[in-house]
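Protein chains: 2
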Amino acid sequence: MPQLNETHDPKLKSWVASANASGTDFPVQNLPYGIFRKRGSNEAPRAGVAIGDQILDVSAAAAHLNGAAADAAALCGAPVLNDFMAAGSEAWSALRKGLSELLREGGPADALSGALTAQSDAEMFVPANIGDFTDFWANLNHASNAGAINRPDNPLLPNYKWIPVAYHSRSSSFTVSGVPVKRPKGQLKPPTAEVPELKPCGRLDYELEIGIYLGPGNELGSAIAIDDAEDHVFGCCVLNDWSARDIQAWEYVPLGPFHGKNYGTTISPWIVTMEALAPFRTAALKRPDDDPKPLPYLSSKSNEENGGLDIQMEVLVSSQKMRDDGVPPALLGASKFKDMYWTVAQMITHHAVGGCNFRPGDVCGSGTISGETPDSYGSLLELSWAATRPFNLPSGEERTFLADGDEVIMRGYCQAEGAARIGFGDCSAVILPADK
Amino acid sequence: MPQLNETHDPKLKSWVASANASGTDFPVQNLPYGIFRKRGSNEAPRAGVAIGDQILDVSAAAAHLNGAAADAAALCGAPVLNDFMAAGSEAWSALRKGLSELLREGGPADALSGALTAQSDAEMFVPANIGDFTDFWANLNHASNAGAINRPDNPLLPNYKWIPVAYHSRSSSFTVSGVPVKRPKGQLKPPTAEVPELKPCGRLDYELEIGIYLGPGNELGSAIAIDDAEDHVFGCCVLNDWSARDIQAWEYVPLGPFHGKNYGTTISPWIVTMEALAPFRTAALKRPDDDPKPLPYLSSKSNEENGGLDIQMEVLVSSQKMRDDGVPPALLGASKFKDMYWTVAQMITHHAVGGCNFRPGDVCGSGTISGETPDSYGSLLELSWAATRPFNLPSGEERTFLADGDEVIMRGYCQAEGAARIGFGDCSAVILPADK
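Protein chains in written order, with this note's numbering: chain L, 1 to 436; chain Y, 1 to 436.
The following block holds chain L by itself, in its conformation from the complex (with noise of 0.2 Å):
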């Protein structure tokens, strides 16, 4: 787990001063990775990191690092982090103290600043090749809700409290923050109708949720130790894990949520490395006494008292009509990803405990991230509780679920005494109408 260390000192300022301006999700404190070329142009992809309003190309920026500094940019030229991810967390280090040396007061400004892009002015991409995506749903609240709406009699399942449940979702549908999202066709069958149709999905949600990245993989066969299991994260970014949820309702019993999830999954551009991150280090949710015990496999005292994370997540939505009459989007939902009853430790603990293998650039989503009162909830499920609550947008128009024109707004940031305010940047997409 990484160390609090001097490029967390909060009184580091930058020489781009946007990134001394109060409320910015990136201070030099931060410096997260993603992927990005100056928009419009053939540029190749490449590394960067958000300083303020900018980007820093790491790569020209590399002629100004030694050492494993040096050795770990060579690693930022290529289209996608995989590299980087792999080199594991010496390097990451190496990396970070460098880059947070070369963007701060006195570094070399005159020399750099042509290493500078607006994000503004950027494209950005998916940061990885990202194999394999798995999503687990690590969140009590979540769950309790989610079961209490499709399965009153028995909402809560008897494995929840003892497995960090997990399903395979689908890679191939990432899509970085601000691709549009189209409504997906699916077999729907309300359970009034004698025979399903096809049909555009009519209960479309967003799930708020953690990304998390993978570093270092373990070879197949073998498991990961909890207290080793962050050395094989990258870090994080915010995940918007869509969901139809009528059609995952006809579709997902036995095998799992399928047409329900894979048309799409928004990320953040901005991966927030697990170093960044070391401020908001914070104790495992406790949980009740009546709750068993995590199985020893998925127990240390260092994820106990430290496995949690504090960042303050949120979730807001702008519909057309808002945005033509220039409303502010709607804040729908504010949780804590702390809350959640498994740690990521647990999770890729959890993950590897059959011998399953994690490449450089998979990603786990942590699961809806919700809180106790329907401020706090994650999803529209929750919050409309399956379309029976239906709420109001601040321009007066109804919803239950998404509808056509909706903007979707999702964001996280950590802060704390003593430390520097970070954030995720946005998560952010519209959606389209369904094909006719």
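Only true hints are included.
Where chains are identical, the list cannot tell them apart; a pair therefore holds if satisfied intra-copy or between any two copies.
Subject to a maximum C-alpha distance of 25 Å in a straight line, what follows is the list of computed BS3-like cross-link-like pairs (lysine-lysine): (1) Lys293 to Lys189; (2) Lys321 to Lys436; (3) Lys301 to Lys199; (4) Lys161 to Lys199; (5) Lys336 to Lys286; (6) Lys97 to Lys13; (7) Lys286 to Lys301; (8) Lys199 to Lys293; (9) Lys199 to Lys189.
Hints were generated in silico from the structure; no laboratory data involved.
Assemble the complex: chain L is given as a structure, and chain Y must be docked to it using the hints.
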């Protein structure tokens, strides 16, 4: 759908004598693709076609090809077939014709004999970068049997006859025939146990399947019409979807199989192209009159008349003792791919109906291929009826599920009046004990 042409002529012989042997899987009418190198060498893995007991190096043969065949062969020097898969059916067909002409009697035997490697001297690789692996469940006999075992009061779920049910599975853990598979550990909670324990799987099973390799993909958000579906299919292999039944039983509700499946999938090294399979087309399974007709997007005259593939499937098991004593493997199940409830085209079309994108090299498993009688079951779950019907191997050893040291061998082959018999080669693996 590829048509019969002169490459299918059963009278064709090859100058590679072993390709003319009765019972060979690889006559000149087959020409399946794999990725190989000479065993123990540092050669770059590259594409070859199986011919008799030899492999022809496609790149080395390229100098003898012209036009579209030469262009296609130029895609075969890579260590994976993805670029060739992406090239589409005209390229595939051109190369097949070219290689068929080169390998026939009268072809340039002297010039090409140096481009042959004996299969016994070759190391084979997973032949594609498999972006995503989807496993279907498209055999009604298997679904009914598994349902009767797991849900006696509710064996076949209401969606089964409407949806070609599938789940996302794991692409990282594919291995090629010959690579051993380690028995996984996982959480087990037999019905009689109060709490789960982490233990080695006690109900390790195989599933006899066909693997379908995708050729050209579809754009995210676009569907695939049923009569276009096979334009997206490169070819088929034999696939063993290893299944840890006891791990799966505790974990799989509500999000589907995860650790029950993700520690390994074994494939035959050879991909038999859809064009090679053209002589073995058959009608789709005739549904009983009481069954629903497939929805319009899953129906077409062409699919009904020619959507089936008459592939004979076999699964054999050999224990360590049998191998030590020179006892041949025991045939435990023989079934027919033409008995699938859903066709390949229906699986592909359904997969894309919500806009989920395929990429070249993606794999879809068919689901376990079982017939109606125990000698045609494609899994031990069915054959031992969840361990309630133990059986003996020829060595006298009793089995319900797999023991350490057991080798599972799967085979597929096609024969039809007026066509040369073709086969898939072996898909085999030995079970290693779980880690201590």
